[in-house]
Structure formats: structure tokens, C-alpha cells
Amino acid sequence: QVQLQESGPGLVKPSQTLSLTCTVSGDSISSGTYYWTWIRQHPGKGLEWLGYIYHSGSAYYNASLQSRLTISVDTSNNEFSLDLRSVTAADTAIYYCARLATVTTQGFDSWGQGTLVTVSS
Amino acid sequence: DIQMTQSPSSLSASLGDRVTITCRASQSISSYVNWYQQKPGKAPKFLIYAASNMQTGVPSRFSGSGSGTDFTLTINGLQPEDFATYYCQQSYDTPPTFGQGTKVDIK
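Order-wise, the sequence lines are chains A and B.
According to my numbering, the first sequence is numbered sequentially starting from 1.
According to my numbering, the second sequence is numbered sequentially starting from 1.
Hints are computed from structural coordinates only; laboratory data are not their basis.
Careful: at least some of the hints might be erroneous.
To be verified - 30 Å max Cα-Cα, derived DSS-like pairs, lysine-lysine:
#1 B:Lys39 with A:Lys45
#2 B:Lys103 with B:Lys39
#3 A:Lys45 with B:Lys107
Claimed, not checked - Computed list of chain B residues with no C-beta within reach of chain A, every gap over 12 Å:
#4 Asp1
#5 Met4
#6 Ser12
#7 Gly16
#8 Gln38
#9 Lys42
#10 Ser63
#11 Asp70
#12 Gly77
#13 Glu81
#14 Pro96
#15 Lys107
Stated by the list, open to error - Which residues of chain A face chain B? A few of them, derived with a C-beta cut under 7 Å, are:
#16 Leu47
#17 Tyr54
#18 Ala59
#19 Ser64
#20 Tyr96
#21 Gly107
Where is the CB? At the ideal position from N, CA and C, for every residue including glycine.
Put together the whole structure using the sequences plus the hints.
Here you go:
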């Protein structure tokens with residue numbers, strides 16, 4: 001059974017870069033039938049898709065964040081990462097990594113537990 | 001982007017009730033709708049895909065229907081563990097977008 005686990009700092013200063021990593025176990029990122037995804041949730045709010053990446057490195061981003069966001073993949077360590085630059089308080093949220101099934105359900109079928117990132121000086 | 005609008009935003013129900021949540025897409029999306037359940041402090045859980053197909057392990061009291069622009073999630077016989085927030089999500093186009101959520105709480 002696949003498991004995803006987010007890691008990274010819980011506090012980031014304004015204007016700095018928010019960096020998170022999602023470590024995948026129980027499945028290979030290189031398996032080729034999934035997009036590896038970042039989704040966030042502002043406190044008490046709904047879900048916002050940030051972007052996803054294929055094992056080949058092809059990435060797709062939310063247009064509203066594209067200028068500040070980079071998602072990368074490390075197949076050798078079976079993990080993928082998010083870098084969000086020039087953060088503000090509006091980037092304070094719970095960040096989830098998730099697996100998007102591209103062939104079967106086309107849904108986010110596995111999620112990490114989420115990590116709260118607070119942007120504050 | 002395709003907008004997904006859920007109604008109601010919240011509802012109160014009793015154990016054993018039948019609950020229906022609706023989701024409307026801003027354009028036709030065939031049957032490309034998924035549903036998730038989220039409990040406080042937890043990640044969303046994938047319930048239904050392609051509008052009406054149950055993910056493995058989801059209780060049969062959950063069902064989904066619809067196509068085009070209008071979709072519903074129904075819970076037949078509400079159980080204590082069903083009190084949560086439910087989200088629809090369209091998988092028709094990139095970016096994938098979610099409804100704003102419907103919170104189901106105890107009457």
C-alpha cells in the first residue's frame with residue numbers, strides 16, 4: 001500500500017522560499033501511471049491544486065502560482081519536491097502531497113497526512 | 001478554469017438520515033467528477049470516481065450520480081463516522097478544481 005509523507009520546515013519567513021519534500025513508499029514514482037501532486041488548504045478553507053509532476057520530470061502548475069512555483073522529482077530517492085518562492089502570509093496553509101491516478105480513476109487516490117506551513121517573521 | 005459549486009455549504013442531519021450534496025460545474029464535464037471526504041485534522045479520503053464509481057473499501061451507503069454539469073453525492077443512512085466535509089473535484093481538464101466543500105454535522 002502506497003504511503004506519502006511530507007517533510008519540511010513549519011515556519012518560513014516572508015519573501016523566503018518554502019521547500020517541501022514528499023517521500024513515497026510502497027510504490028515507485030517511476031511506475032508511470034501517476035502524477036505526483038501538491039495540493040494546499042488554507043486554514044478552514046477548501047482545497048487548491050498547486051501542480052503535479054510526472055516521473056519524466058514534466059510538470060504542470062496552477063497558473064496563479066506558476067511564476068513562483070517549481071515542482072521537481074527525484075526518482076532515485078522516490079520523492080518529489082515543491083519550492084514556492086517569495087512567500088507571503090497568504091501562503092500559510094496545510095500542504096498535502098498526493099498521487100493522481102491517470103489511467104484508472106483519474107482521482108487523487110492517496111494522500112500524505114499534510115504539513116502546516118506558517119509564513120511569519 | 002472550470003468552477004465547481006457545491007450546495008449546500010453546510011447541513012445538519014441526524015443518524016440514519018439520507019443526505020444529498022450537489023455539485024455543479026461551470027461547463028459540461030461528462031462524468032469526470034470525483035468525491036472526497038475530509039475529517040478535521042485529516043487528509044481528504046477518495047470516495048467516488050467518474051461520478052458514480054465507488055473507490056475500494058467505501059461503504060455502500062455512499063453513492064454518486066450525474067453527468068454533464070450536475071452531480072450528486074448521496075449518503076443513505078448517515079453513520080457517526082460520516083460527519084465530515086465533502087468535496088467534489090473535476091478531472092475533465094487541467095487544472096483540476098474542487099468545490100468549496102459541504103460540511104455535514106450533527107443535528
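Hints, verified against the model:
| no. | hint | in the structure |
| --- | --- | --- |
| 1 | B:Lys39 with A:Lys45 | 13 Å, holds |
| 2 | B:Lys103 with B:Lys39 | 10 Å, holds |
| 3 | A:Lys45 with B:Lys107 | 22 Å, holds |
| 4 | Asp1 | 8 Å, violated |
| 5 | Met4 | 10 Å, violated |
| 6 | Ser12 | 18 Å, holds |
| 7 | Gly16 | 28 Å, holds |
| 8 | Gln38 | 8 Å, violated |
| 9 | Lys42 | 8 Å, violated |
| 10 | Ser63 | 16 Å, holds |
| 11 | Asp70 | 19 Å, holds |
| 12 | Gly77 | 24 Å, holds |
| 13 | Glu81 | 18 Å, holds |
| 14 | Pro96 | 5 Å, violated |
| 15 | Lys107 | 22 Å, holds |
| 16 | Leu47 | 4 Å, holds |
| 17 | Tyr54 | 12 Å, violated |
| 18 | Ala59 | 12 Å, violated |
| 19 | Ser64 | 9 Å, violated |
| 20 | Tyr96 | 6 Å, holds |
| 21 | Gly107 | 4 Å, holds |
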